[in-house]
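Undergrad: Please arrange chain U on chain P, whose structure you already have, making use of the hints.
Chains as they are written, first to last, in numbering that gives the first Met the number 0: chain P, 0 to 462; chain U, 0 to 462.
Derived by calculation from the structure, the hints in this document are not laboratory data.
Please note: incorrect hints may appear among the correct ones.
Note: identical chains are not told apart, hence a pair may lie in one copy or across any two.
Unchecked claim - Think about it this way: if two alpha-carbon atoms lie no more than 27 Å apart in a straight line, the pair counts; the simulated DSSO-like pairs of lysine-lysine are:
{"#": "1", "residue 1": "K27", "residue 2": "K13"}
{"#": "2", "residue 1": "K368", "residue 2": "K13"}
{"#": "3", "residue 1": "K369", "residue 2": "K307"}
Since the structure is predicted, the reported quantities are computational estimates derived from the model, not experimental observations.
There are 2 protein chains.
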Amino acid sequence: MFILNSSDPVPLYKQLYTQLREHILSGKLPANTRLPSVRQMAVELSASCNTVDGAYQELYAEGYIYSRPRSGYFVSPLDHEVAPHSLSGKKGENNLVQPYQSHFAYDFHPAHLDPESFPTELWRKCLTEGLRRNSREFSHYGDLQGSWGLRCSIHSYLEKSRGVTCDPDQIIVSAGLHQGLEIIAHLLQGQHTTVAVENPGYHLPRTVFQNHGYTICPVPVGIGGIELDQLKAGSATIAYVTPSHQLPLGYVMPVANRLALIEWAESGGRFIIEDDYDSELRYQGNPIPSLQGLRPTGNIIYSGTFSKILSPELRLSYLVLPYSLLARYRQLYRDYNSSVSLVEQRAMECFMEQGHWERHIRRMRTVYKKKHDMLLRSVETHFGRRAVVIGQGAGLHVVIRLPETPYSEAEIIDKAAQKGIRLLRFSDFHATGHPEAVTLVLGFGGLVGSEIERGIALLSHIC
Amino acid sequence: MFILNSSDPVPLYKQLYTQLREHILSGKLPANTRLPSVRQMAVELSASCNTVDGAYQELYAEGYIYSRPRSGYFVSPLDHEVAPHSLSGKKGENNLVQPYQSHFAYDFHPAHLDPESFPTELWRKCLTEGLRRNSREFSHYGDLQGSWGLRCSIHSYLEKSRGVTCDPDQIIVSAGLHQGLEIIAHLLQGQHTTVAVENPGYHLPRTVFQNHGYTICPVPVGIGGIELDQLKAGSATIAYVTPSHQLPLGYVMPVANRLALIEWAESGGRFIIEDDYDSELRYQGNPIPSLQGLRPTGNIIYSGTFSKILSPELRLSYLVLPYSLLARYRQLYRDYNSSVSLVEQRAMECFMEQGHWERHIRRMRTVYKKKHDMLLRSVETHFGRRAVVIGQGAGLHVVIRLPETPYSEAEIIDKAAQKGIRLLRFSDFHATGHPEAVTLVLGFGGLVGSEIERGIALLSHIC
Numbered sequence: 000m001f002i003l004n005s006s007d008p009v010p011l012y013k014q015l016y017t018q019l020r021e022h023i024l025s026g027k028l029p030a031n032t033r034l035p036s037v038r039q040m041a042v043e044l045s046a047s048c049n050t051v052d053g054a055y056q057e058l059y060a061e062g063y064i065y066s067r068p069r070s071g072y073f074v075s076p077l078d079h080e081v082a083p084h085s086l087s088g089k090k091g092e093n094n095l096v097q098p099y100q101s102h103f104a105y106d107f108h109p110a111h112l113d114p115e116s117f118p119t120e121l122w123r124k125c126l127t128e129g130l131r132r133n134s135r136e137f138s139h140y141g142d143l144q145g146s147w148g149l150r151c152s153i154h155s156y157l158e159k160s161r162g163v164t165c166d167p168d169q170i171i172v173s174a175g176l177h178q179g180l181e182i183i184a185h186l187l188q189g190q191h192t193t194v195a196v197e198n199p200g201y202h203l204p205r206t207v208f209q210n211h212g213y214t215i216c217p218v219p220v221g222i223g224g225i226e227l228d229q230l231k232a233g234s235a236t237i238a239y240v241t242p243s244h245q246l247p248l249g250y251v252m253p254v255a256n257r258l259a260l261i262e263w264a265e266s267g268g269r270f271i272i273e274d275d276y277d278s279e280l281r282y283q284g285n286p287i288p289s290l291q292g293l294r295p296t297g298n299i300i301y302s303g304t305f306s307k308i309l310s311p312e313l314r315l316s317y318l319v320l321p322y323s324l325l326a327r328y329r330q331l332y333r334d335y336n337s338s339v340s341l342v343e344q345r346a347m348e349c350f351m352e353q354g355h356w357e358r359h360i361r362r363m364r365t366v367y368k369k370k371h372d373m374l375l376r377s378v379e380t381h382f383g384r385r386a387v388v389i390g391q392g393a394g395l396h397v398v399i400r401l402p403e404t405p406y407s408e409a410e411i412i413d414k415a416a417q418k419g420i421r422l423l424r425f426s427d428f429h430a431t432g433h434p435e436a437v438t439l440v441l442g443f444g445g446l447v448g449s450e451i452e453r454g455i456a457l458l459s460h461i462c
Numbered sequence: 000m001f002i003l004n005s006s007d008p009v010p011l012y013k014q015l016y017t018q019l020r021e022h023i024l025s026g027k028l029p030a031n032t033r034l035p036s037v038r039q040m041a042v043e044l045s046a047s048c049n050t051v052d053g054a055y056q057e058l059y060a061e062g063y064i065y066s067r068p069r070s071g072y073f074v075s076p077l078d079h080e081v082a083p084h085s086l087s088g089k090k091g092e093n094n095l096v097q098p099y100q101s102h103f104a105y106d107f108h109p110a111h112l113d114p115e116s117f118p119t120e121l122w123r124k125c126l127t128e129g130l131r132r133n134s135r136e137f138s139h140y141g142d143l144q145g146s147w148g149l150r151c152s153i154h155s156y157l158e159k160s161r162g163v164t165c166d167p168d169q170i171i172v173s174a175g176l177h178q179g180l181e182i183i184a185h186l187l188q189g190q191h192t193t194v195a196v197e198n199p200g201y202h203l204p205r206t207v208f209q210n211h212g213y214t215i216c217p218v219p220v221g222i223g224g225i226e227l228d229q230l231k232a233g234s235a236t237i238a239y240v241t242p243s244h245q246l247p248l249g250y251v252m253p254v255a256n257r258l259a260l261i262e263w264a265e266s267g268g269r270f271i272i273e274d275d276y277d278s279e280l281r282y283q284g285n286p287i288p289s290l291q292g293l294r295p296t297g298n299i300i301y302s303g304t305f306s307k308i309l310s311p312e313l314r315l316s317y318l319v320l321p322y323s324l325l326a327r328y329r330q331l332y333r334d335y336n337s338s339v340s341l342v343e344q345r346a347m348e349c350f351m352e353q354g355h356w357e358r359h360i361r362r363m364r365t366v367y368k369k370k371h372d373m374l375l376r377s378v379e380t381h382f383g384r385r386a387v388v389i390g391q392g393a394g395l396h397v398v399i400r401l402p403e404t405p406y407s408e409a410e411i412i413d414k415a416a417q418k419g420i421r422l423l424r425f426s427d428f429h430a431t432g433h434p435e436a437v438t439l440v441l442g443f444g445g446l447v448g449s450e451i452e453r454g455i456a457l458l459s460h461i462c
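For reference, chain P alone in the conformation it holds in the complex:
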């Protein structure tokens, strides 16, 4: 009935186990059948008792057979309707081919960084240092909010460079903005139902808050940022804003509007989410200080990230929660663990402590300023007065409006793709309505100078 093959690399006990299991699953060995004793079976198979016992033990542990004292092993009753007839055999139908990914010669994605600038060697050193700093801590769960050392480094950077006033206690290290937004959505759930977002604006906060059951209230953006009159006229009690570099239009919210926004929040128990995603990258003058610093005790949730300067693939971001939300956070999340690897947190701490972070910011500002200037020059050269440039001087992209183009956005994106040019749909930044004129977001971070020049030249012929 059972055949063991000693030239098969699979151990004999495993061969017997597999064959017995298939007989049980298929019903060939019916329920409550008594199995031969170990010794009998061993004689039958010319195998050792150990082989048979090993197979029986495994079948017993998984419940394929049961034992009765002094009577031996019996086949367990199974529901043969549900049971698979076989668990062995090669499946062979596995889809092991990586899904196709397209590549563009000119990728104007606004979140692409310079592909040559990741500080591999420095990061390796920092990872190594992070690993060696007390490896015993890898044996248990650490601080939910992130490692204390990294939070202190972030704290002093924020205080010095971003004008954020907080304690390390208020900082939560998160695995990217979307996780930070999920925490916020979760914290404010119940008390709040409607979130105002900038229109046009970043799609991610819309998606995350919608996924958490919130109503999204798009508020137009003017050159002073989110339109405060329209915000006040709506019923939103949370406002997501990018005051230091509006995404995607690049406007800076002036201090008067910031104060008015703070007043709006304070007067009604409302909340501001300040997404300060890339304000390190300003090419004229200094970075614009944070809104949070104007009212550190206010209802402002500050969000920052290492994704735009260092790498989006490290998944390192952070929130600064106001004290008013900290108790609720700790209560809601007390059973959770941090989402960010301790090795990377320590590496980032080391990177900041040793001054690499600030040097890297300065370096990247120079790298991107060159690309930014090249983009503006190329647009000037190839589009001339056909393009109106918006939001230059900062970040990783500029926006151009094409009031005279005879083509629609979709037509331009299609034609661009045929030329190897990737453009995001500007209309995806719109929660409602449409841009007045065809508008293109031109990210320059991932391209080298000559690609920018050629890409814009090609683009100018199809717009």
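TA: Here is chain U on its own, set in the frame of chain P:
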């Protein structure tokens, strides 16, 4: 009015900027006041025009002043009720002291790993290799589900060692179980409202599903795992189970119950979440194969982790989603990014590819078997017949029941803490009801043999 100090390390333009800003915020410079021209101000301060221009430019960029063509700069009208009177000055009240963390001499936490066994040097090599493998990929967002290479490695491990049948396409790399559970809670929201959990059972799924608005339906656990009759009697349409090593009681769900559970799920569009958190650690016989492998096309969401063998601080876990949920996942999460660092994903891939993972499992099985045996011997020696041992033979903890102790759980935990012994409250594993007798969860992973012996001896005197 303004004093610039050239021996101050702060640049002169920044000194002027700060003083002007404070005058504007405090109202000393009222709204619409015309500022002196750059040249006038420079003469007044005996400073260079560059200094004054630098200060004006920064105030202008942030909206503290506005300009009128051919008339110069004017102070912006601000809401002085809300405006802070000063943004400079040392705060000094920062709470920079790390919150106190207590340490126990004998920490019986069931999720603590051996503190000496993290493979620091191997992991460093794998991180380095991961970093060097195409650093250009650090410049943009990668695959939402996790890197293809790591998913292929997880896939072949699961197929070979856990009897899971899937495609790499179905695997989602997540930052720990809680993130995996959040994804599941989110995916099933709307269609499902009630989740059955094992009672006693792990608290995390209760918390996560509750946080997502689900009703929790605790179902008692017997020696065959979750009680199927009670599960069927309830209204839950999702069941969270730990079939290969019930947490905390350690029971294995026999194959007949597994098939019945699958039948329950299939017959009503219900879902099984199989949390296979530590089944690599079995000290007698082989690991119990997964439930998923019995019905790969069924409504089974499989969850696995590297936290119990390698480190909980790497935050590396994964889900295997059934194809029936994959489309919805991709639709809901299409705007999101992966939560796990690409460097760590590549390091893990390298760790698995080079065979370190399977060697490390074997090594840890030996390390923990010794501790496990030491714990059982110590309980036998010091408690004798006062303790009934449950769930031995696997994982990182065993459970003991003390039917005769005159003390309550709270009294024992208090007295233990005074002796430097940390015990989790077994009652926290209960969603409802209480254990019949005082029950202790004794994790042994984080302790060395002599600590286990002494800890149990001390404990036996206070129970």
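Undergrad: For each hint, tell me whether it holds in the structure or not.
TA: Right, here's what the structure says about each hint:
1. K27 - K13: within (19 Å within a copy, 87 Å between copies)
2. K368 - K13: So K368 and K13 pass the 27 Å test across copies only (22 Å; inside, 64 Å).
3. K369 - K307: Within one copy, since 16 Å is at most 27 Å while 48 Å is not.
Every hint, counting from the list given before, is met by this structure.
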